[in-house]
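Student: Here's the letter readout for the chains.
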Amino acid sequence: MRKATNAALAAAGAGLALVAGCQELVPTATDASLIPINPITVEVLLEFDDFVSDFDVIGGFGSPADLGRGLVARKFKGTLDARTLIRFGAFQSRITVQDSLGVSRQDSAFTALGGQLVIVFDSINAIPDGPVTLTAAATSTPWDRRTATWDLAIDSAGDRTPWPTPGAGSSKPLGSVLFDRSVNDTVVIAVDSATIAAWSDTTNLSRGVMIDVTDAGARLEFTSVALKVDVRPSIHLDTIVSLTGAASERTFIFQPSPDPDPPGLRVGGTPAWRSIMRLGLPATLTGPPALCALVSCPLAITAERINQAELVLTTSLDDPAFAPLSAVLVDIRPVLAPELLPKSPLGQTLVGALGQAVAPEFFDTETGTTVSFPVTVFIQDLVRGVTRLDAPAPNTISVMTTFEPLLVGFASFQGPGGPGAPMLRLILTVSDNVQIP
Amino acid sequence: MRLRRYTLVAFALLTLPAGAFAQTLLNAGGIGAPIEPLNARVRGVGGVGPGRFDAMLLPGEPGAAIDLVVPTITFSMQPVWGAYSIGDSRGDLRATRFPVVGLSYPLSINSVVMLTFGGVFDQRWAVTQNSEAVIGGRNVPAEDRFVSDGGVSALRVGWVQRLTADFGVGVSVGTYTGQVTRTFTRSFDTLAVANPITDFTEQGRWQFSGPLATVSGVWDPLDVVRVAATIAWSGDLKAEPVDITKGVARTFDMPLQVRIGASGLLRPGLSLHAGFSTADWSSTGKGFDDVSTTGRATSVGFGIEWEFAHFWAGPLPLRLGYRRTDLPFRLGEADPVETVFSVGWSFTLAQLETITLAGFDFAMEFGNRDAGVLSEDFRRLTVTFSLAGG
Numbered sequence: 001m002r003k004a005t006n007a008a009l010a011a012a013g014a015g016l017a018l019v020a021g022c023q024e025l026v027p028t029a030t031d032a033s034l035i036p037i038n039p040i041t042v043e044v045l046l047e048f049d050d051f052v053s054d055f056d057v058i059g060g061f062g063s064p065a066d067l068g069r070g071l072v073a074r075k076f077k078g079t080l081d082a083r084t085l086i087r088f089g090a091f092q093s094r095i096t097v098q099d100s101l102g103v104s105r106q107d108s109a110f111t112a113l114g115g116q117l118v119i120v121f122d123s124i125n126a127i128p129d130g131p132v133t134l135t136a137a138a139t140s141t142p143w144d145r146r147t148a149t150w151d152l153a154i155d156s157a158g159d160r161t162p163w164p165t166p167g168a169g170s171s172k173p174l175g176s177v178l179f180d181r182s183v184n185d186t187v188v189i190a191v192d193s194a195t196i197a198a199w200s201d202t203t204n205l206s207r208g209v210m211i212d213v214t215d216a217g218a219r220l221e222f223t224s225v226a227l228k229v230d231v232r233p234s235i236h237l238d239t240i241v242s243l244t245g246a247a248s249e250r251t252f253i254f255q256p257s258p259d260p261d262p263p264g265l266r267v268g269g270t271p272a273w274r275s276i277m278r279l280g281l282p283a284t285l286t287g288p289p290a291l292c293a294l295v296s297c298p299l300a301i302t303a304e305r306i307n308q309a310e311l312v313l314t315t316s317l318d319d320p321a322f323a324p325l326s327a328v329l330v331d332i333r334p335v336l337a338p339e340l341l342p343k344s345p346l347g348q349t350l351v352g353a354l355g356q357a358v359a360p361e362f363f364d365t366e367t368g369t370t371v372s373f374p375v376t377v378f379i380q381d382l383v384r385g386v387t388r389l390d391a392p393a394p395n396t397i398s399v400m401t402t403f404e405p406l407l408v409g410f411a412s413f414q415g416p417g418g419p420g421a422p423m424l425r426l427i428l429t430v431s432d433n434v435q436i437p
Numbered sequence: 001m002r003l004r005r006y007t008l009v010a011f012a013l014l015t016l017p018a019g020a021f022a023q024t025l026l027n028a029g030g031i032g033a034p035i036e037p038l039n040a041r042v043r044g045v046g047g048v049g050p051g052r053f054d055a056m057l058l059p060g061e062p063g064a065a066i067d068l069v070v071p072t073i074t075f076s077m078q079p080v081w082g083a084y085s086i087g088d089s090r091g092d093l094r095a096t097r098f099p100v101v102g103l104s105y106p107l108s109i110n111s112v113v114m115l116t117f118g119g120v121f122d123q124r125w126a127v128t129q130n131s132e133a134v135i136g137g138r139n140v141p142a143e144d145r146f147v148s149d150g151g152v153s154a155l156r157v158g159w160v161q162r163l164t165a166d167f168g169v170g171v172s173v174g175t176y177t178g179q180v181t182r183t184f185t186r187s188f189d190t191l192a193v194a195n196p197i198t199d200f201t202e203q204g205r206w207q208f209s210g211p212l213a214t215v216s217g218v219w220d221p222l223d224v225v226r227v228a229a230t231i232a233w234s235g236d237l238k239a240e241p242v243d244i245t246k247g248v249a250r251t252f253d254m255p256l257q258v259r260i261g262a263s264g265l266l267r268p269g270l271s272l273h274a275g276f277s278t279a280d281w282s283s284t285g286k287g288f289d290d291v292s293t294t295g296r297a298t299s300v301g302f303g304i305e306w307e308f309a310h311f312w313a314g315p316l317p318l319r320l321g322y323r324r325t326d327l328p329f330r331l332g333e334a335d336p337v338e339t340v341f342s343v344g345w346s347f348t349l350a351q352l353e354t355i356t357l358a359g360f361d362f363a364m365e366f367g368n369r370d371a372g373v374l375s376e377d378f379r380r381l382t383v384t385f386s387l388a389g390g
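Residue numbers (my numbering), protein chains in the order written: chain R, 1 to 437; chain W, 1 to 390.
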């Protein structure tokens with residue numbers, strides 16, 4: 001009997017497992033009358049003054065040295081001058097050559113014969129289409145790649161050293177070359193042996209090369225610079241060896257700087273700008289009449305009712321010389337400690353890791369275009385008062401680029417007071433509570 | 001030792017969500033579709049509960065456990081397959097539930113105590129519809145979905161006492177238990193907009209409670225006849241909102257139910273069974289917004305059982321039955337009615353004299369529900385496993 005009982009227990013277990021594994025289907029009707037509530041989804045646009053209590057534009061995030069690109073310009077859009085400063089690191093101290101017996105030997109007594117600066121340009125964003133003249137000059141004043149500006153060679157704490165003349169002036173000319181974006185994307189400028197020898201002294205902070213363009217209206221960015229040095233070994237005097245060194249330090253200086261007090265929002269640029277907004281939503285809505293015709297007013301704004309919140313910005317052209325030439329990747333992040341601005345820590349992106357790309361023509365030929373950025377989670381938290389992790393909800397956002405700096409140019413959006421002022425678009429679903437019959 | 005093992009199994013089964021799985025769209029009406037906590041033996045002969053000759057554990061039927069002289073655990077599992085049509089909508093039904101779980105222990109040869117757990121109302125159903133929202137001047141498609149998930153169950157303790165050789169009484173008391181979660185979700189088609197729109201969700205959850213009591217009488221006027229009746233009283237069924245539910249609490253006036261059953265032995269191995277139950281649900285739906293009760297709901301069933309062979313360790317009975325049940329809550333205008341034809345059999349694994357120590361009972365029901373706008377055809381298999389010993 002015990003055997004039978006054990007068999008029965010096993011059978012019961014197997015049956016239970018079998019039935020428990022059956023797929024369940026919830027009987028589902030499509031008769032809308034069975035839904036016991038009647039939700040209404042409405043769209044609400046909040047004007048700037050209804051959701052922004054404080055607004056500021058802050059610049060200075062990052063430096064041209066962080067961009068990883070060079071910039072040269074001459075009266076671009078009638079105003080912008082820019083030059084690039086480059087410094088190379090130590091060259092190889094030894095080379096390997098074969099002696100007369102064919103044995104490889106180390107040679108540290110080689111002689112530099114001269115070199116070439118090889119500059120690769122971003123030919124897509126080069127202005128103008130035709131040829132322009134580029135010049136190279138050796139700097140003769142100590143300069144700091146992180147703090148150098150058009151007027152100052154060094155601008156660090158306790159040391160403000162101006163250039164002899166603004167714009168890294170008084171540099172020693174090395175040569176010039178024509179660049180035509182329709183022909184190629186690379187130029188080569190010869191460098192004499194004396195300059196190469198001077199640049200080999202890495203303790204000399206005045207060493208470096210300044211790249212400029214001489215044609216008014218030109219603006220070019222370059223992506224890489226290398227210095228090729230030809231040396232003669234002490235072993236085989238009839239042999240020439242080419243050494244290549246990449247730029248170890250690079251920055252650009254420019255003038256004039258953008259107006260530090262822009263009329264609207266400014267996003268990106270180099271150094272980067274951020275637009276800071278402190279938000280606060282009304283507890284209830286009493287209009288507009290079209291809304292109150294659909295739902296009962298006053299309508300309480302609750303986190304549960306918010307399906308979508310978008311910050312709606314209208315593009316503008318702040319400074320033509322700094323209009324972006326490629327897509328701006330706009331990001332929005334919560335400011336976690338507004339009292340620490342501009343150095344406040346920031347929260348997770350509200351837009352996505354890659355940001356939201358805004359086409360460059362929106363800041364040039366198609367200004368006035370409205371662009372919407374998702375801020376749903378932030379607004380839900382703001383209305384709720386706490387985040388989903390029960391932390392106090394931040395009330396300030398930073399509109400910025402995904403990386404800082406990202407581009408030389410910056411995005412501009414219309415500020416408060418005008419027809420294109422920022423707005424907050426809310427998609428709300430309003431419903432009575434679910435009840436038991 | 002073995003009893004302890006059985007007890008553990010029984011209480012493990014108690015944790016299963018009786019009534020958590022849907023078997024009919026009529027769950028959308030009122031406070032759900034009633035779950036009859038019947039095992040396979042009763043279903044096989046079209047019964048409604050009381051009045052069978054053999055002792056068994058049934059929730060709300062303490063008298064049925066009379067003469068259950070060895071500790072017993074039992075549970076049923078019930079897969080259902082079917083199809084429904086409501087208006088132009090058609091779909092499949094597929095579910096499994098565990099309507100009967102019980103544990104009994106004899107205090108003496110004439111006295112048994114028991115603990116049972118069974119479903120009362122099934123409230124699992126859903127409805128979907130397509131809708132639109134005007135966003136940014138464009139019509140954005142959306143899907144509305146309302147889901148009710150859960151149900152009402154009952155936990156009871158009972159006692160049955162044989163007072164004389166041909167008469168016994170049983171009582172049980174218990175409480176309603178269970179939860180229902182009702183959720184509305186509007187999902188937007190995010191492909192139609194630039195930035196994602198989060199779903200809108202409105203949800204409420206209620207916990208059920210309320211007292212129950214049952215009195216049963218079992219009478220054998222002849223050696224070949226058994227008559228039994230049960231009066232099931234229920235206090236108000238209370239639905240209390242839990243968590244952050246904004247919906248209000250509700251109280252449902254539950255009716256007194258009367259169940260009568262009888263069996264007659266025509267000759268050894270051949271018996272007839274008939275059952276009848278009734279309850280007036282009129283007052284239950286007084287607070288409903290848009291559903292109404294059918295009033296008095298009656299269930300009638302009858303069947304035959306024939307032990308035509310001996311297989312393995314016991315008899316091999318064949319059962320045939322018919323049952324017609326009024327359901328208490330309408331979905332439309334018409335009163336819903338469930339009609340089933342059933343066939344059942346048993347498989348005894350172990351038997352000591354006349355006491356089944358281990359066995360399976362099976363009942364296959366072929367039925368339909370007609371509720372005017374709603375029509376359902378279904379096949380419902382009930383498998384009951386019983387294990388007894390000390």
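Keep in mind the hints are simulated off the structure, nothing from the lab. Mixed in with the good hints, there may be bad ones.
Unchecked claim - Pulled a few chain R residues facing chain W out of the computed Cβ check, cut under 7 Å:
| id | residue |
| --- | --- |
| 1 | Thr28 |
| 2 | Asp31 |
| 3 | Ala32 |
| 4 | Leu34 |
| 5 | Pro39 |
| 6 | Glu47 |
| 7 | Thr79 |
| 8 | Asp81 |
| 9 | Ala109 |
| 10 | Ile427 |
| 11 | Thr429 |
| 12 | Val434 |
Note that beta-carbon positions come from the ideal geometry of N, C-alpha and C, so glycine has one too.
Student: Using the nearest Cβ pair, does Ala109/R come within less than 7 Å of chain W?
Tutor: violated, 66 Å
Student: Would the stated hint for Pro39/R survive a check requiring a Cβ distance to chain W of less than 7 Å?
Tutor: Since the shortest Cβ distance to chain W is 6 Å, the answer is holds.
Student: Have a go at the Thr28/R hint: is there a Cβ in chain W nearer than 7 Å to its own Cβ?
Tutor: Hint holds; Thr28/R Cβ to chain W Cβ min 4 Å, cut 7 Å.
Student: Can you verify the interface hint for Glu47/R: is its Cβ closer than 7 Å to any Cβ in chain W?
Tutor: Violated. Min distance 17 Å.
Student: Under 7 Å is the threshold here; is the Cβ of Thr79/R close enough to any Cβ of chain W for the hint to stand?
Tutor: violated, 35 Å
Student: At a threshold of 7 Å, is the proposed contact between Ala32/R and chain W supported by beta-carbon distances?
Tutor: Hint on Ala32/R: holds, closest Cβ of chain W at ~4 Å, below 7 Å.
Student: Against chain W, with CB atoms and a cut of 7 Å, does the hint on Thr429/R hold up?
Tutor: holds, 4 Å
Student: When the nearest CB of chain W is found for Asp81/R, is that gap smaller than 7 Å?
Tutor: violated, 39 Å
Student: Under 7 Å, Cβ to Cβ, is where Ile427/R needs to be relative to chain W, so tell me if that hint holds or is violated.
Tutor: holds, 6 Å
Student: Once the shortest beta carbon distance from Val434/R to chain W is found, is it less than 7 Å?
Tutor: Given a least distance of 4 Å, the restraint on Val434/R holds.
Student: If you take the shortest Cβ to Cβ gap from Leu34/R to chain W, is it below 7 Å?
Tutor: holds, 4 Å
Student: Holds or violated: the hint that Asp31/R contacts chain W, with Cβ atoms closer than 7 Å.
Tutor: Since chain W brings a Cβ to about 6 Å from Asp31/R, closer than 7 Å, the hint holds.
In this structure, the hints that do not hold are numbers 6, 7, 8, 9, in rising order.
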